[in-house]
Amino acid sequence: MVKPRHHDMGGSKAGAIEIVEHNYEMWEKRVDAIIKALSSENPPLLSTDELRRGIEELGPGIYDDLNYYERWITSATNILLEKGCFTVKELGETMSVIQKRWLKNGRKLK
Amino acid sequence: MNKAKYVKGDKIKISSLFPPGHVRTPFFIRGKNGIIDYFWGTYPNPEELAYGREGVPGHPLYKVKFKQFDLWENYEGSPQDSLSIDIYENWLEPIK
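If you're matching them up, the sequences are chains A and D in order.
If you read the first sequence in my numbering, its first letter stands for residue 12, the second for the next number, and so on.
If you read the second sequence in my numbering, its first letter stands for residue 9, the second for the next number, and so on.
Wrong hints could be hidden among the right ones.
[Claimed, not checked] Chain A stretches covered by chain D per the calculated footprint, using a threshold of three residues with CB under 8 Å from any CB of chain D:
{"id": "1", "stretch": "17 to 25"}
{"id": "2", "stretch": "61 to 73"}
[Claimed, not checked] Only pairs whose alpha carbons sit at most 27 Å apart, straight line, appear in this in silico DSS-like list of lysine-lysine:
{"id": "3", "chain 1": "D", "residue 1": "Lys71", "chain 2": "A", "residue 2": "Lys24"}
{"id": "4", "chain 1": "D", "residue 1": "Lys21", "chain 2": "A", "residue 2": "Lys14"}
{"id": "5", "chain 1": "A", "residue 1": "Lys24", "chain 2": "D", "residue 2": "Lys73"}
{"id": "6", "chain 1": "A", "residue 1": "Lys40", "chain 2": "A", "residue 2": "Lys115"}
{"id": "7", "chain 1": "D", "residue 1": "Lys75", "chain 2": "A", "residue 2": "Lys24"}
{"id": "8", "chain 1": "A", "residue 1": "Lys14", "chain 2": "D", "residue 2": "Lys73"}
{"id": "9", "chain 1": "A", "residue 1": "Lys111", "chain 2": "A", "residue 2": "Lys121"}
{"id": "10", "chain 1": "D", "residue 1": "Lys40", "chain 2": "D", "residue 2": "Lys73"}
{"id": "11", "chain 1": "A", "residue 1": "Lys24", "chain 2": "D", "residue 2": "Lys40"}
{"id": "12", "chain 1": "D", "residue 1": "Lys104", "chain 2": "D", "residue 2": "Lys21"}
{"id": "13", "chain 1": "A", "residue 1": "Lys14", "chain 2": "D", "residue 2": "Lys11"}
Keep in mind that the hints were calculated from the coordinates and are not lab data.
Note that the structure is predicted; figures quoted are calculated from it, not measured.
Heads up, the beta-carbon is just placed ideally off N, CA and C, and yes, glycines get one too.
Next up, chain A with everything else stripped away, as it sits in the complex:
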């Protein structure tokens, strides 16, 4: 039997939508700015359609675990890797540097 992909939720059973005001955290604003910068290149380094495709490909588990901007940055990272904008090694090393700086400043990891 064919089933809709996880993101294709139209018509699924759901409760009421919870509408709440939400203050954006600094990292969420940064993600927004990064995506805008990438998509404003001509041709764009990352198009809306690529970003959405990357989010759809996250699949049921991760899709539900991540929040909105976490999905954005995860998708953008995967697509830039596909395009060879940076290597897996470079990404790992940069993440490690930032993580150390983060912990040194007394912050905790999620």
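Using the hints, position chain D against chain A.
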């Protein structure tokens, strides 16, 4: 650029296809009948743009109107209730 094949009032069926990939045609309307309500213009194909390609030639995009009654089993609302969704021409099939 592809020339628009349909005009307002044409009866169409949404293709009953279920590929992976970046698809802008929601699952719940596939295989359903609708009517062309408006022609929006021709746009690069998002199914191609999603993979970093240029999406040319562009595809005509229409507002397609469905009867809610045709979409949902045991629909309890008015038979007049409708739903409009923007669909690219490559997902439309003519109904004679």
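Against the structure, the hints:
Judged by the Cβ-Cβ criterion of 8 Å, the stretch 17 to 25 of chain A is covered by chain D as claimed, because 3 of its residues qualify and three suffice. Only residues whose C-beta sits within less than 8 Å of a C-beta in chain D count toward coverage, and the stretch 61 to 73 of chain A has 4 of them, enough to reach three; the restraint holds. Between the alpha carbons of lysine 71 of chain D and lysine 24 of chain A the distance comes to roughly 25 Å, so the proposed pair stays at or under 27 Å and holds. At most 27 Å may separate the alpha-carbon atoms for a hinted pair to count; lysine 21 of chain D and lysine 14 of chain A meet this at roughly 19 Å.
Among the hinted pairs, lysine 24 of chain A with lysine 73 of chain D is consistent with the structure: their alpha-carbon atoms are about 23 Å apart, no more than 27 Å. Among the hinted pairs, lysine 40 of chain A with lysine 115 of chain A is consistent with the structure: their alpha-carbon atoms are about 23 Å apart, no more than 27 Å. Using a Cα cut-off of 27 Å, the hinted pair lysine 75 of chain D and lysine 24 of chain A holds, with the two alpha carbons roughly 20 Å apart. Straight-line distance between C-alpha atoms of lysine 14 of chain A and lysine 73 of chain D comes to about 23 Å, which keeps the hinted pair within the 27 Å bound.
Of the supplied pair hints, the one linking lysine 111 of chain A and lysine 121 of chain A holds, its CA atoms being roughly 14 Å apart against a limit of 27 Å. The straight-line distance between the Cα atoms of lysine 40 of chain D and lysine 73 of chain D is roughly 11 Å, inside the 27 Å bound, and the hint therefore holds. Simply put, lysine 24 of chain A and lysine 40 of chain D have alpha-carbon atoms about 20 Å apart, close enough for the 27 Å limit, and the pair holds. At most 27 Å may separate the alpha-carbon atoms for a hinted pair to count; lysine 104 of chain D and lysine 21 of chain D meet this at roughly 10 Å.
About 33 Å separates the Cα atoms of lysine 14 of chain A and lysine 11 of chain D, which puts this hinted pair outside 27 Å; it is violated.
Going through the hint list in order, the structure does not satisfy hint 13, though it satisfies all others.
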